[in-house]
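Asker: Once you've looked at the hints, dock chain B against the given chain A.
Protein sequences appear in the order of chains A and B.
Sequential numbering of the first sequence, starting at 16, is according to the working numbering.
Sequential numbering of the second sequence, starting at 16, is according to the working numbering.
I should point out that these hints are in silico values taken from the structure, not numbers from a laboratory.
Quick caveat: nothing in here was measured; it's all calculated off a predicted structure.
Do not take every clue at face value.
What the hints assert, rightly or not - Beta-carbon label-pair distances, calculated as ranges: (1) B:397 - A:270: 30 to 40 Å; (2) B:50 - A:331: 49 to 59 Å; (3) A:381 - B:398: 14 to 24 Å; (4) B:377 - A:300: 57 to 67 Å; (5) B:377 - A:298: 30 to 40 Å.
Stated by the list, open to error - Keeping only pairs whose Cα atoms sit at most 25 Å apart, straight-line, the calculated DSS-like set for lysine-lysine is: (6) B:104 - A:19; (7) B:315 - A:20; (8) A:397 - B:34; (9) B:20 - A:272; (10) A:19 - B:19; (11) B:332 - A:397; (12) A:20 - B:34; (13) A:272 - B:272; (14) A:34 - B:19; (15) B:332 - A:34; (16) B:315 - B:332; (17) A:332 - B:332; (18) B:397 - A:332; (19) A:34 - B:272; (20) A:19 - B:397; (21) B:20 - A:397; (22) B:19 - A:397; (23) A:63 - B:315; (24) A:20 - B:332; (25) B:397 - A:20; (26) B:315 - A:332; (27) A:315 - B:19; (28) A:34 - B:315; (29) A:63 - A:332; (30) A:223 - B:249; (31) B:19 - A:272; (32) A:63 - A:272; (33) B:315 - A:19; (34) B:34 - B:19; (35) A:104 - A:272.
Glycine residues also receive a C-beta, built at the ideal position from the N, C-alpha and C atoms.
2 protein chains.
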Amino acid sequence: MHIKKQRLLTPGPTPLYPKALQAMMGSEIHHRTQDFRDLYSSVLGDLKAVLGTGHDVLMLASSGTGAMEAAVTNCFSPGDRVIVCSAGKFGERWVELTRAFGLEVLVLSAPYGSVVEPAALAQALAANPDVMGVFVQASESSTGAAHDVRAMGEMVQRTAAVFIVDAITGIGSMPLDIDRWGLDIVIGGSQKAFMLPPGLAFLSISPKAWERMESARLPRYYFDLQREKKSAAKGESSWTPAIALILGLAEVLRYVKTLGMDQLIDNAQQLAAATRAACGALGLELFAPFNPSGAVTAVKAPPGLSSSVIVREFHEKFGSIIADGQGEMAGRIFRIAHLGYYDIADLFALVAELELILIAHGVPVELGRGVAAVQEYYARQKQLATV
Amino acid sequence: MHIKKQRLLTPGPTPLYPKALQAMMGSEIHHRTQDFRDLYSSVLGDLKAVLGTGHDVLMLASSGTGAMEAAVTNCFSPGDRVIVCSAGKFGERWVELTRAFGLEVLVLSAPYGSVVEPAALAQALAANPDVMGVFVQASESSTGAAHDVRAMGEMVQRTAAVFIVDAITGIGSMPLDIDRWGLDIVIGGSQKAFMLPPGLAFLSISPKAWERMESARLPRYYFDLQREKKSAAKGESSWTPAIALILGLAEVLRYVKTLGMDQLIDNAQQLAAATRAACGALGLELFAPFNPSGAVTAVKAPPGLSSSVIVREFHEKFGSIIADGQGEMAGRIFRIAHLGYYDIADLFALVAELELILIAHGVPVELGRGVAAVQEYYARQKQLATV
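Only chain A is shown next, with the shape it has when bound in the complex:
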């Protein structure tokens, strides 16, 4: 057995930012002290700055799904009609969640690998003027496709509906102009572009959404956003906060501010583009070629080879943990992530490993060809002459 470093390379949890992990060791503090209130206020402020929004930003001790539930329970009343734009596993989660709380759900669905086109939403909104909310994924990480939330937001803005965007893998992997595009609630999570372990969720909340909450009657307690807003104003969380993660987040936000949020996004998008170039060079087919996400690239397994085998061999042969397809896509696609703490060296190694895995299964690839495609992409971006 040789040395195989374990490398976490999935679309979430993503690779951890080492200085954040170190900062998490400082957790021996109490959350009802002025020191913590100062930390919490500063983290919320930095989060708002990094998200580039004037809207309120709140934080919850939960996974992203908790914040999704908060959006549902805080904005709606039993029987409200809503539209869910669903193009994958996470779209289906919106459907389940809204139905679980008794909303009347109109599902606009697109096949896995495609997206719901803004035109379809326009039509549905026109036909259903009583719709109270629209739900979507900015990046559908089960398929590697990205929705045009800008076009959608501008439509929903002109209606009474609130536009609720699961941007858990969208934040930090695609531009999101929250305020201008009419994104009323935007949801994020710590284990994505924020380079932390799971356990923290974030929401930005527009004035339109706050106004809606005045009349929304679904039951809520732990995820009561109005209460959370009042606590946040005092530098506190309503319930016990995830202290270690908040300490880590402070460190990540310092890093992201130094890097620049635009550069974090560009980093993911360039890694995604280089990954697509490598797939092309290796004759691999993309699962979502037309609306590719900057967060994750889903690649079809070559004929006769299960993606589950590819994923298993990444781990067994090289220690790399990448993502298989989810649900019905398991065995059919594997997913290479780009959002958060990834760099070009990660991709060099990953593509070299992929080539060796393919060749071991008789897939005719030329060794080094995919890596060269990544290098060529990199050289073009940096305007290096190549020979």
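Answerer: The following block gives chain B in isolation, referenced to the frame of chain A:
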């Protein structure tokens, strides 16, 4: 600015083993307690097992050079005649050290990149029957060359001299049969194949060396090995031990025992061979082609390009810290390390980066060609069919 992970890829300090770093957080213990004594005894026992020796093994809170000094001051008396086999910067350190303590030093030197041949030592030993000690580097990490310590040890064994081997980068990168080859003192350090930060040094000490210490009269106090041996027998160190590093070492030794010391060595040697293959494919010249070390490969900078520029660009462009030449070799060679916590994915990325650096300076390399050489080497080792 995009994300660039800092990757420590030098021949020392080497990349850190994450579980060891985590274990170092448990340092809030006291060293004069039974808990610590149990830990210390067990670490010394594991170290002995991993080194595969029946000799005593001791540990010092110092860098490797401290253990080198201990070997000198504990084994010799003023004016003793010794032979130093010197083939680089670390050979020169033996010369400086032995002279600093008033020994009469006969230097057998080989040009940088070469090694002192066993035949030269045989001749010197025959001509100088009064020699009390022979010093050498198992792996001369300033040049990437390895000495034939086996042949040398078998010669010294037949004389009254003690054979003192700086194996700081040799342990874990080459086979060392300490007991059978007549290696009287073998020196190691935490920041090499032991995957830890610097601050711990180790020595194995043969009965012949212990016997010599009875009469050796050089002054010593902190590095008094006889005192240290008595302390170790009680599970203690003579002076305050480097507690965090010892906790980390316990974790590393657990890992190395699971992996197998032979596999740790094979890992380094295969990475070294694959690196040489990549250099060949890229038209780069090796600095020590004939006696290559498994610890580190020194590569000549291509004509007209300084290795210091290559090293700087690894860091600036990709965040990778590799080693330049030392002393007079700065600017002329760069060094790629293999010993300790390195894996094939590290090498894939490093070679891809090297190709891009070379091409940016007009060195005619085909992108992906060096990576492919590493992949082909890997595939041959694993007996994968390649297309």
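Asker: Now, for every hint given, state plainly whether the structure supports it.
Answerer: Verification of the hints:
Checked against the given bound of 30 to 40 Å, the beta carbons of residue 397 of chain B and residue 270 of chain A, roughly 38 Å apart, stay inside it. The supplied range of 49 to 59 Å is broken by residue 50 of chain B and residue 331 of chain A, whose beta-carbon atoms lie about 38 Å from each other. A beta carbon spacing of about 20 Å between residue 381 of chain A and residue 398 of chain B agrees with the range 14 to 24 Å that was offered as a hint. The supplied range of 57 to 67 Å is broken by residue 377 of chain B and residue 300 of chain A, whose beta-carbon atoms lie about 37 Å from each other.
For the pair residue 377 of chain B and residue 298 of chain A, the supplied restraint of 30 to 40 Å holds, since their beta-carbon distance comes to about 32 Å. Between residue 104 of chain B and residue 19 of chain A the alpha-carbon distance is near 32 Å, which puts this suggested pair outside the 25 Å criterion. The hinted pair formed by residue 315 of chain B and residue 20 of chain A fails the criterion: a straight-line CA distance of about 29 Å is larger than 25 Å. Proposed proximity of residue 397 of chain A and residue 34 of chain B is contradicted: the alpha carbons are some 37 Å apart, above 25 Å.
Of the pairs offered as hints, the one joining residue 20 of chain B and residue 272 of chain A holds, with about 16 Å between alpha carbons and a cut-off of 25 Å not exceeded. In summary, the hint linking residue 19 of chain A to residue 19 of chain B is supported, as the alpha carbons are separated by about 21 Å, within the 25 Å threshold. At most 25 Å may separate the alpha-carbon atoms for a hinted pair to count; residue 332 of chain B and residue 397 of chain A meet this at roughly 10 Å. The straight-line distance between the Cα atoms of residue 20 of chain A and residue 34 of chain B is roughly 11 Å, inside the 25 Å bound, and the hint therefore holds.
Among the hinted pairs, residue 272 of chain A with residue 272 of chain B is inconsistent with the structure: their alpha-carbon atoms are about 43 Å apart, more than 25 Å. Proximity of residue 34 of chain A to residue 19 of chain B is assessed by CA-CA distance (about 14 Å); at most 25 Å being required, the pair is judged to hold. For the suggested pair residue 332 of chain B and residue 34 of chain A, the alpha carbons sit about 20 Å apart, so the restraint of at most 25 Å is met. Between residue 315 of chain B and residue 332 of chain B the CA atoms are separated by roughly 20 Å; this keeps the pair inside 25 Å, and the hint holds.
For the hint pairing residue 332 of chain A with residue 332 of chain B, the CA-to-CA distance comes to about 28 Å; that exceeds 25 Å, so the pair is violated. With a C-alpha separation of about 10 Å, the suggested pairing of residue 397 of chain B with residue 332 of chain A holds against the 25 Å cut-off. For the suggested pair residue 34 of chain A and residue 272 of chain B, the alpha carbons sit about 30 Å apart, so the restraint of at most 25 Å is broken. Distance hint between residue 19 of chain A and residue 397 of chain B is fulfilled; the C-alpha atoms sit about 14 Å from each other, no more than 25 Å.
Between the alpha carbons of residue 20 of chain B and residue 397 of chain A the distance comes to roughly 18 Å, so the proposed pair stays at or under 25 Å and holds. A distance of roughly 14 Å separates the Cα atoms of residue 19 of chain B and residue 397 of chain A; the hinted pair therefore holds under the 25 Å criterion. Annotation: proposed proximity of residue 63 of chain A to residue 315 of chain B is violated, straight-line Cα distance about 50 Å (limit 25 Å). Under the criterion of a C-alpha separation no larger than 25 Å, the hint pairing residue 20 of chain A with residue 332 of chain B is consistent with the structure, at around 23 Å.
At most 25 Å may separate the alpha-carbon atoms for a hinted pair to count; residue 397 of chain B and residue 20 of chain A meet this at roughly 18 Å. Distance check on the hinted pair: residue 315 of chain B and residue 332 of chain A sit about 32 Å apart at the alpha-carbon level, beyond 25 Å; violated. Annotation: proposed proximity of residue 315 of chain A to residue 19 of chain B is violated, straight-line Cα distance about 29 Å (limit 25 Å). In summary, the hint linking residue 34 of chain A to residue 315 of chain B is not supported, as the alpha carbons are separated by about 35 Å, beyond the 25 Å threshold.
Distance restraint check for residue 63 of chain A and residue 332 of chain A: the Cα-Cα separation of roughly 42 Å exceeds the 25 Å cut-off, and the hinted pair is therefore not satisfied. Pair hint residue 223 of chain A plus residue 249 of chain B does not hold up; C-alpha atoms about 73 Å apart against a cutoff of 25 Å. Between residue 19 of chain B and residue 272 of chain A the alpha-carbon distance is near 15 Å, which keeps this suggested pair within the 25 Å criterion. Between residue 63 of chain A and residue 272 of chain A the CA atoms are separated by roughly 11 Å; this keeps the pair inside 25 Å, and the hint holds.
In summary, the hint linking residue 315 of chain B to residue 19 of chain A is not supported, as the alpha carbons are separated by about 29 Å, beyond the 25 Å threshold. Simply put, residue 34 of chain B and residue 19 of chain B have alpha-carbon atoms about 23 Å apart, close enough for the 25 Å limit, and the pair holds. Pair hint residue 104 of chain A plus residue 272 of chain A does not hold up; C-alpha atoms about 32 Å apart against a cutoff of 25 Å.
Consistency note: the structure conflicts with the earlier hints numbered 2, 4, 6, 7, 8, 13, 17, 19, 23, 26, 27, 28, 29, 30, 33, 35.
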